[in-house]
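Engineer: Chains as they are written, first to last, in numbering that gives the first Met the number 0: chain A, 0 to 271; chain B, 0 to 271.
Be a bit skeptical, because a hint or two may be false.
Covered stretches of chain B (chain A as the covering partner; in silico rule of three or more C-beta atoms under 8 Å from a C-beta of chain A) [unchecked claim]: (1) 103–114; (2) 175–186; (3) 201–213.
If you are wondering where the hints come from, they were derived from the structure by calculation, not from laboratory data. Keep in mind the model is a prediction, meaning the values are calculated, not measured. Even glycine gets a Cβ: it sits at the ideal position worked out from N, Cα and C.
The chain contents come next:
Protein chains: 2
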Amino acid sequence: MTDLAKLAIHTMTTKPWSLAKSVDAFARAGVGGITVWRQHLLPYGAAEGARMIKAAGLTCTALCRGGFFPARDATGRQAAIADNRRAIADAHALGAPMLVLVCGAVPELPLMESRSMIEDGIRAIEPEARAAGVALAIEPLHPQYAADRSAITTLGEARRLCERIASPWVRIALDVYHVWWDPEVGDEIARCGSAGLTAGFHICDWRVPTRDPLNDRAIMGEGVIEVAALRRQVRAAGFAGFDEVEIFSDELWAQDQDAVLARIIAAYRSLD
Amino acid sequence: MTDLAKLAIHTMTTKPWSLAKSVDAFARAGVGGITVWRQHLLPYGAAEGARMIKAAGLTCTALCRGGFFPARDATGRQAAIADNRRAIADAHALGAPMLVLVCGAVPELPLMESRSMIEDGIRAIEPEARAAGVALAIEPLHPQYAADRSAITTLGEARRLCERIASPWVRIALDVYHVWWDPEVGDEIARCGSAGLTAGFHICDWRVPTRDPLNDRAIMGEGVIEVAALRRQVRAAGFAGFDEVEIFSDELWAQDQDAVLARIIAAYRSLD
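Use the sequences and the hints to build the structure in full.
Structural biologist: Following this line, the structure appears as structure tokens:
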């Protein structure tokens, strides 16, 4: 049987469950890690969340999510930076080694301006991240979200952003859903790996047809992404962290979450 | 007033109209060119289509579309090649200087295999294209279509494919809808331009939110794409051809097409 020690699951994957319920169910199933979303942490607070996760024997892999730096005015950009600083403090208190950044975009702004605001925002919070020992993991998002969720759309662009900032605390979260289509994905996995930039690895699958651009992701093996092949490449490039299952799916959220968890674990074992 | 001599409109933009109706309406409006889709040409045939377009004083900018090379088996791939040869013959008879290629993808196939089949397919039909004097214009599609419409997703990938095939008859159709998000779009426009690869330029806009991945495109100025800036870059890189308006929109197709045409022309004038 596949060892589940390196399997982590995002609390958004089992969105209907509370953090307490996810912690309990993941631990009972033998899953090694949990990636915590802020809305699931909110009712407990970071200290209590840390206690629950530790008591269950789970590893907290990351806090999701910071980012969303671009805004129409300076007040909005400052508010985003302040919110990211709170997220860094929460990640530290939670014992999460990284904060995942969905970098943001504003439809009315030229992409280049959004990208510049993202770089400024990350530079602004890097000192707090460094002081807290929390890595900032830039997650390039699929280009379908370029207008309103992330002006950072490719691994190459995320890598160049990391290289410009040049801090060991600014790295990358690589999600197969967002990068599988990229003709340069193999080369970029290798480059990110050899530069030590790959901080997180997220898996799910791309359903055909995709019925909703945000909430119709699939369990690994139920779509078109070559997840096992991408994981081999990521590992060959030096990544030794968790495989984090992150699935947004209205269809799955409407189902019995224990059954969904069992399907995810079976699909995960099938990747080997 | 903006000269409309370099404006062309795709017959799919006014999908509810017959080719005869589009030809008549575009010519009356002073539009210079028409890009013909095969389903609109079918009831007339290429010779009659050519006669109508010439009689109206329009320039035929392209025939849409060939491609869809990947298939599950050799029979399917041969059928695709045969269909592309018919399309080349139709483009020649129509007087279209190029055939636009939507390259295709099969969900069950690894992307690399689809890409290999695409290259094989284009190489197979290049002799007919050359003999007919019809350029093959590879249109990289937005990554949201990577699973089932085009494994060619970026200008860079299309350019490298052209460079490998290295025929003056294998070039690129650049559609702002498909490439606007790309962090390398400016560099690639310059590279494609200086290599003489840019054969066609398609414009429309990206609506936020996008309600349908295929048929919710917007008129220029009604979305987030910096169309005028991209056109400046494309022209600065040496492209002197038509601006082809290609809009798939259930919303617009349901409206009065004369009114839609008037809006498109007004939006086109606003780009200057």
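Engineer: Evaluate each hint against the coordinates.
Structural biologist: Going down the list of hints, with the structure as the test:
Check result for the stretch 103–114 of chain B against chain A: holds, 5 residues qualifying (beta carbon to beta carbon below 8 Å, three or more required). Check on the stretch 175–186 of chain B: 5 of its residues sit with their Cβ under 8 Å from a Cβ of chain A, so the three-residue criterion for coverage holds. Counting residues of the stretch 201–213 of chain B whose CB falls under 8 Å from any CB of chain A gives 5; the rule of at least 3 is met.
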